[in-house]
Amino acid sequence: MGKVFSFGAASDHAARVDAVFLMILVIGVFFFFLTQGLLVYFAVKYRRRRPDRDNETPQITGNHVLEIFWVLIPSIVVVAIFYYGWRVYTDQRIPAAGATEVHVNARQWLYEIKYPDGRTAINEIRVPAGKPVKFILSASDVIHGFYLPDFRVKMDMIPGRITTLQVQPDRPGRYQIYCTVYCGTGHSNMLAQLTVMPPDEYAEWAAHGKEEGGEGKENEPLAVRGERVAKSAGCLNCHAIGGAVKIGPDWKGLFGSIVPLEGGKSVTADEEYLRESIVDPGAKVVKGFPNVMPTYKTTLSDEDIEAMVAYMKTLK
Amino acid sequence: MAEESGGGKGYLAERGWRSWAYTMDHKRIGVMYLYTTIAFFFIGGVFALLLRLELLSPQAKYFGNHTYNVFFTLHGAMMIFLFIIPAIPSGLGNFFIPLHIGARDVAFPRINLASYWVFVAGFLVVIGSLVSPMDTGWTFYTPYSAKTGAAVATLSFGIFLIGMSSILTGLNFIVTIHKLRAPGMTWHRLPLFIWGMYATSIIQVVATPVVGVTFLLLAMERLLGVAFFDPSKGGDPVLFQHFFWFYSHPVVYVMILPAMGIISEVIPVFSRKPIFGYKAIAYSSLAIAFLGFLVWGHHMFTSAMSPLANAIFSFMTFFVAVPTAVKVFNWIATLYKGSITFESPMLYALTFIFLFAVGGLTGPFLGALATDVQLHDTYFVVAHFHYTMMGGTVMGFFAGLHYWFPKMTGKMLNEKIARVAWALVFIGFNVTFFTMFIAGVRGMPRRYAEYLPRFHVENVISTVGSAILAVGIVVMFWNFIQGLRKGLPAPGNPWRALSLEWQTPSLPITENFLEIPVVTDWPYGYGKPKGPDA
Numbered sequence: 660m661g662k663v664f665s666f667g668a669a670s671d672h673a674a675r676v677d678a679v680f681l682m683i684l685v686i687g688v689f690f691f692f693l694t695q696g697l698l699v700y701f702a703v704k705y706r707r708r709r710p711d712r713d714n715e716t717p718q719i720t721g722n723h724v725l726e727i728f729w730v731l732i733p734s735i736v737v738v739a740i741f742y743y744g745w746r747v748y749t750d751q752r753i754p755a756a757g758a759t760e761v762h763v764n765a766r767q768w769l770y771e772i773k774y775p776d777g778r779t780a781i782n783e784i785r786v787p788a789g790k791p792v793k794f795i796l797s798a799s800d801v802i803h804g805f806y807l808p809d810f811r812v813k814m815d816m817i818p819g820r821i822t823t824l825q826v827q828p829d830r831p832g833r834y835q836i837y838c839t840v841y842c843g844t845g846h847s848n849m850l851a852q853l854t855v856m857p858p859d860e861y862a863e864w865a866a867h868g869k870e871e872g873g874e875g876k877e878n879e880p881l882a883v884r885g886e887r888v889a890k891s892a893g894c895l896n897c898h899a900i901g902g903a904v905k906i907g908p909d910w911k912g913l914f915g916s917i918v919p920l921e922g923g924k925s926v927t928a929d930e931e932y933l934r935e936s937i938v939d940p941g942a943k944v945v946k947g948f949p950n951v952m953p954t955y956k957t958t959l960s961d962e963d964i965e966a967m968v969a970y971m972k973t974l975k
Numbered sequence: 002m003a004e005e006s007g008g009g010k011g012y013l014a015e016r017g018w019r020s021w022a023y024t025m026d027h028k029r030i031g032v033m034y035l036y037t038t039i040a041f042f043f044i045g046g047v048f049a050l051l052l053r054l055e056l057l058s059p060q061a062k063y064f065g066n067h068t069y070n071v072f073f074t075l076h077g078a079m080m081i082f083l084f085i086i087p088a089i090p091s092g093l094g095n096f097f098i099p100l101h102i103g104a105r106d107v108a109f110p111r112i113n114l115a116s117y118w119v120f121v122a123g124f125l126v127v128i129g130s131l132v133s134p135m136d137t138g139w140t141f142y143t144p145y146s147a148k149t150g151a152a153v154a155t156l157s158f159g160i161f162l163i164g165m166s167s168i169l170t171g172l173n174f175i176v177t178i179h180k181l182r183a184p185g186m187t188w189h190r191l192p193l194f195i196w197g198m199y200a201t202s203i204i205q206v207v208a209t210p211v212v213g214v215t216f217l218l219l220a221m222e223r224l225l226g227v228a229f230f231d232p233s234k235g236g237d238p239v240l241f242q243h244f245f246w247f248y249s250h251p252v253v254y255v256m257i258l259p260a261m262g263i264i265s266e267v268i269p270v271f272s273r274k275p276i277f278g279y280k281a282i283a284y285s286s287l288a289i290a291f292l293g294f295l296v297w298g299h300h301m302f303t304s305a306m307s308p309l310a311n312a313i314f315s316f317m318t319f320f321v322a323v324p325t326a327v328k329v330f331n332w333i334a335t336l337y338k339g340s341i342t343f344e345s346p347m348l349y350a351l352t353f354i355f356l357f358a359v360g361g362l363t364g365p366f367l368g369a370l371a372t373d374v375q376l377h378d379t380y381f382v383v384a385h386f387h388y389t390m391m392g393g394t395v396m397g398f399f400a401g402l403h404y405w406f407p408k409m410t411g412k413m414l415n416e417k418i419a420r421v422a423w424a425l426v427f428i429g430f431n432v433t434f435f436t437m438f439i440a441g442v443r444g445m446p447r448r449y450a451e452y453l454p455r456f457h458v459e460n461v462i463s464t465v466g467s468a469i470l471a472v473g474i475v476v477m478f479w480n481f482i483q484g485l486r487k488g489l490p491a492p493g494n495p496w497r498a499l500s501l502e503w504q505t506p507s508l509p510i511t512e513n514f515l516e517i518p519v520v521t522d523w524p525y526g527y528g529k530p531k532g533p534d535a
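Those protein sequences? They're chains H and W, same order as listed.
The letter at position 183 of the first sequence is residue 842 when you use this note's numbering, and the numbering goes up by one with no holes.
The letter at position 416 of the second sequence is residue 417 when you use this note's numbering, and the numbering goes up by one with no holes.
If you are wondering where the hints come from, they were derived from the structure by calculation, not from laboratory data.
Think of the CB as a built atom: it goes at the ideal place given N, C-alpha and C, for glycine as much as any other residue.
Lysine-lysine pairs mimicking BS3-like chemistry, simulated, CA-CA at most 27 Å apart:
| id | chain 1 | residue 1 | chain 2 | residue 2 |
| --- | --- | --- | --- | --- |
| 1 | H | Lys911 | H | Lys946 |
| 2 | H | Lys704 | W | Lys338 |
| 3 | W | Lys412 | W | Lys487 |
| 4 | H | Lys924 | H | Lys946 |
| 5 | W | Lys417 | H | Lys704 |
| 6 | H | Lys956 | H | Lys943 |
| 7 | H | Lys890 | H | Lys956 |
| 8 | W | Lys148 | H | Lys956 |
| 9 | H | Lys956 | H | Lys924 |
| 10 | W | Lys529 | H | Lys704 |
| 11 | H | Lys956 | W | Lys234 |
| 12 | W | Lys234 | H | Lys943 |
| 13 | W | Lys280 | W | Lys338 |
Stretch by stretch, here's where chain H covers chain W in the computed footprint (C-beta under 8 Å, at least three residues):
| id | segment |
| --- | --- |
| 14 | 278-285 |
| 15 | 360-374 |
| 16 | 444-451 |
Here are some of the chain W residues that sit facing chain H, going by a computed Cβ distance under 10 Å:
| id | residue |
| --- | --- |
| 17 | Ala61 |
| 18 | Gly138 |
| 19 | Thr143 |
| 20 | Lys148 |
| 21 | Asn311 |
| 22 | Ile341 |
| 23 | Tyr525 |
Start from the sequences and build out the full structure, keeping to the hints where you can.
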């Protein structure tokens, strides 16, 4: 894998980040040699020639044209760098359709992997090549990091919150994952692997894995578990799935939609919004609905809530 | 008041511990701060060397992971809170602000003394926390810092006290600079060190209370179970990061602005040229201080802030670069057509410009969103802030120590040994920290006690560099001690400088001036006037 930054980019996005890096590097090297070249040149050329007497020095106290010039040039350069860096970052965060979803939960000091169909693993993630992958990240104890250097991305994993990270692995291979947010004694041993497999091999592995792990509730697919929880927790008494609207908002087609809120704002219904609405329903009240839902913070486990979010995503 | 006491004992005439412990003399308080902060610079440095030693091998070899984590926490916390924040402002600033502006002392000498003893109380509490040493990193991130068994509350109380001392000093300096300038010392005749100190003092007074309150909240969370930051009780862990960086980002300008002030003093003296673009340098300090309050979010681009907030913080961050670049251009332009000599203060000042340029130009990688998401929390960041903090602030501090050594001690330094030390520091520093850029770009995360073998070469080179750097610093301070013990007596103005402190004898007397000077010109009138109107 990559020895130097410009090689070993594992995705198109990584290559674009490398292009930003290169642009800043070229600008930086140019200004470094410009300023330090002048520094050394002046230091040598205008050194005191005679040990006992100063050179005659002119009393130059400034030059407005020059000073305005070197305020403007850096201003333009930094705006250009900002813009390029921001564009590449923003493009990477546009949700891609049809992404393979992988749930990753961090705890001191390992990564628990869960696939939507119920397969689980520790510190080893497998995904098919050529399709976007969306990591749904959470943490059980303290803040952890999820860093994929070959893809030039990282995201913090924050307890009590869901964060996401998206990559598009094009080439099969094994890629290193590091924890980057200091999390205690085992921080530097908190490593994992991302294995990108050719699609056919992945399909074979996934089918095999399902059979192998199909014993009972433990490996129940996430969405199935979510449906079971939603029914037993009484959610469907107030939330319809298609058809007539009940007391709360309809779940059908909710995920990914733009939800108007009381007070005129709106929010995109992503994982974090759904999670928050289950544990803290009053935080963002949907326009036109009463703020009457109780919190499920103490009655549902984090895993149950994650499963419910996965279930709600299937209601298209 | 005694007769002119040039070459005499000056402010050091009184002897005995009481003459120090109860002193109201800003110079003595400054000296006490210098000794204290330099002691912590050495302790923090020893921790750094232990870290480098452990990183010689990819696997833990000399001590365990927990010990490593404690060491990097103590290295960071001591270097930042006990050395780099107070060293220049409270040490050199205390000594030279009244001398620079032509005052007999600071505005509130008793508060000044109190600030020193509050500082002492603070570091004693910090040392007390070592019974169960901190392993959270100097950033104290919650919820880890709310859960770990270490003495977080004790250490944060110590830093709370140190912050209080910092506020008192800042307040004192602001009033001093406003009210005690000598007749004729207009704002535009102030030495640029004073402008840097003024901007720094404002940040200290405005930002430090925020971190004080943050540490109080953290202590309440740990001791009383009030959940501000613990998500399992309904708190928000990322809120802590916002509070923390609201202080800790501006505070990097508390560290760098006084150092930039020193550079602006040294460069004209050793070039025999007026400073180029005085007003631009003066006002850019204020601009940096102001913009510094608007960019804390750039430490948190991967903490799930909204993309819009990320974009705004990224944009603002780039505008800190402009006033910084202006200063660098102006210093270099000051050299143009000068009569440059390379005594040790000038060597360190030029080194500051060189290393700070590397630190500054690697900033845009971390300000730009796409590349920050790649490089955040890797060794690239470690390299970047050591180039700005050590390559910048500490080199500025060294320049100041060499420049003002004759004034503070009445003795001259051995210039040859000073140059040998400088060469070792320069080489050792670059070998140690430039290598870290490469490790970071290759993906090595920071705060790793153990690392993958693929990063072995960089770490070995870095450790070798740190040994060279350490030897250089030991030689430098050995030279200081030799200078103190048997240096030649210093003349009043060995560098032929024009600012007021050099118009007093070395050592300056208590209350500085027999008669308050009347100022008629700025302190940079070197070189030949252009014509009769200049």
